[in-house]
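> Each chain, letter by letter, is given below.
2 protein chains.
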Amino acid sequence: MREVFKNELNALADDLVTMTTKAADAVEKASRALETNDLDLAEAVIDGDAAIDNLQRHVDQQAAQILALQAPVAHDLRVVISALKMSVAIERMGDLARHIASLVRIRHPQPAVPAAFADTFVLMGRSAARIGHALQQLLDNPGLDSVPTITAIDEELDEQHLRVFSMISELDSSEITPSQIADVTLLSRYYERFGDQCVNVSQRVEYLLTGSWEPELSANDAAEQRTEPRH
Amino acid sequence: MREVFKNELNALADDLVTMTTKAADAVEKASRALETNDLDLAEAVIDGDAAIDNLQRHVDQQAAQILALQAPVAHDLRVVISALKMSVAIERMGDLARHIASLVRIRHPQPAVPAAFADTFVLMGRSAARIGHALQQLLDNPGLDSVPTITAIDEELDEQHLRVFSMISELDSSEITPSQIADVTLLSRYYERFGDQCVNVSQRVEYLLTGSWEPELSANDAAEQRTEPRH
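So the protein sequences, as listed, match chains A and B. For the first sequence, this note's numbering begins at 1 and goes up steadily by one. For the second sequence, this note's numbering begins at 1 and goes up steadily by one.
Take these hints with a grain of salt, some might be off.
[As the list claims (entries may be wrong)] Listed next, with one range per pair, are the computed distances between beta-carbon atoms:
| hint | chain 1 | residue 1 | chain 2 | residue 2 | range |
| --- | --- | --- | --- | --- | --- |
| 1 | A | V73 | B | E170 | 58 to 66 angstroms |
| 2 | A | A152 | B | E170 | 38 to 46 angstroms |
| 3 | B | L144 | A | R126 | 17 to 25 angstroms |
[Stated by the list, open to error] Not everything, but these chain B residues come out facing chain A in the computed CB check (under 10 angstroms):
| hint | residue |
| --- | --- |
| 4 | T36 |
| 5 | L39 |
| 6 | A74 |
| 7 | V80 |
| 8 | D140 |
| 9 | G143 |
| 10 | L144 |
| 11 | V147 |
| 12 | P148 |
| 13 | T149 |
| 14 | T151 |
| 15 | A152 |
| 16 | E170 |
| 17 | D172 |
| 18 | S173 |
| 19 | L186 |
[Said to hold, decoys possible] Some chain A residues flagged as far from chain B (calculated, every beta-carbon gap over 12 angstroms):
| hint | residue |
| --- | --- |
| 20 | A11 |
| 21 | D38 |
| 22 | Q65 |
| 23 | P109 |
| 24 | L123 |
| 25 | D140 |
| 26 | T177 |
| 27 | S179 |
| 28 | G211 |
Rather than coming from a laboratory, the hints here were simulated on the basis of the structure. Here the structure is a predicted model, which means the values were calculated and not measured. All residues carry an ideal CB built from backbone N, CA and C; glycine is no exception.
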C-alpha cells in the first residue's frame, strides 16, 4: 500500500510494515516454540513484544503530528485515520503471539500441547505465520494481490479452530487433563483471533486502495462470527 | 468526560456514552441469559450488537468530519484521536457480550455453564455489568471518580478468571465433559477481556483529563498480562 502513503505519510507506512513484520515473526517463532517446546524461543517472543508496543506508540504519535501540522483532507486523512486503527490491530497480533509463547513458558518443561493436538497446532502455526507474512506483503507493496490469500488463510484458521472444538468434543476425558483442554481452547482462540486481526487490517488497506471508504467496519466481527455458530 | 468534548465534540461524546451504555447493558443481559438459560434474552443481545457496530461507524465518521472540516489541534485533536481509539474498544465490549450470549444459544436447552461453575459466573457477570456501567459513568460525567472503581472491578475479574482456571485444574474429569471445559474457558476469557477493554478506555479518558497524554498505551496489555503468568 506504499502508494497510498505519499511523502510525509511514508514514515507511517514504514512503521506499520515493521510492526507487521515483527508480529508475523513473533507468531512464527511462538509456534515453533510451541512445536519444539523451546523455552528460550518463547522468552524471546515475550520479550520482543515491547518493541511492537513501542512502534504502535510511534505510529500514533506520528499520526497525531501529521494531523496537527498538516491537517490532511480527503484521501490523506483517510490514510492517517486508517493507520490509527491498523496500529491497534497489529499491536494485538503481537499480543496474541506473546500469549502463545507465554503458554509455552507456563507449562515448560511439560509441552503446552498434548500429543493428540500436536499436528493441528503445527498447521495452525503455519497458517498464522503465512497470514502474517501475507499482510506484511500487502502493506509493503502496492496492489491488492495478497488480499485473497489473507482471506483464504483466515478461513483455514477458522476451520482449524472449529476442528479443535470438534476434537475436544470427541475426547475421552481420560486422555487429557482438564487444564490441557483449557490450554488448547485458548491457544486455538489466539490463532483464530490472529487471523481475524490480519483480515481487519487487510480490509482497511483494501478500502483505502479501492476508495470504498468505510470508516469502521466489522471485518473483524464478520471474520469472528463465522466461527461462532458452532462455537 | 463531558467537559473535554466542547461544542462540536459533544456529538462524539454522546455516541461514545451511548455505545458504552449499550455494551454495559449487553453484558448484563448476556450474563442474566447465562444464569437463567434464557434463549430469548440471549437472542436479544446477539441482535442488539449491530446497533453498537453502527455507532462505532458513526463515531468514526464524525471524527473524520471534525478532522477534515475543523483541523483541530492540541487538546481537541487528542480528544478526536482518543475517540477513534475508544470506539474500537467499546465496539469490542459489545462483541464480547455477544459471544457470551452466543454460547447460551449454542448450548440451549442445555445450560452453557455446568453447575460447579454457576456461582463463579454469576459473580463474573455482576462484575462485568458493574465495570461497564462505571465506564458509562466516567464517560458521561466530568471527573475521574469512577477510575478507581473501574480498576478495582477489573482486578476482581482477573481474580475470578484465575479462579476459573484453578477450578478447572482441580476438576475430576468425570464431573464435566471436555466441551464444557472449553466453554467455561472461553466464557471466562470473554469476561476478563471485557474488563480489560473498560480499563483501556478509562485510561484514555484519564490521560485526556489529566493532560498526561500518551498516544498509545498498553493499558489493555498491562491489564491482560496480570492474568498471564499463571494462565
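> Which numbered hints are broken by the structure, listed smallest first?
3, 4, 5, 8, 9, 10, 11, 12, 13, 14, 15, 22, 26 and 27
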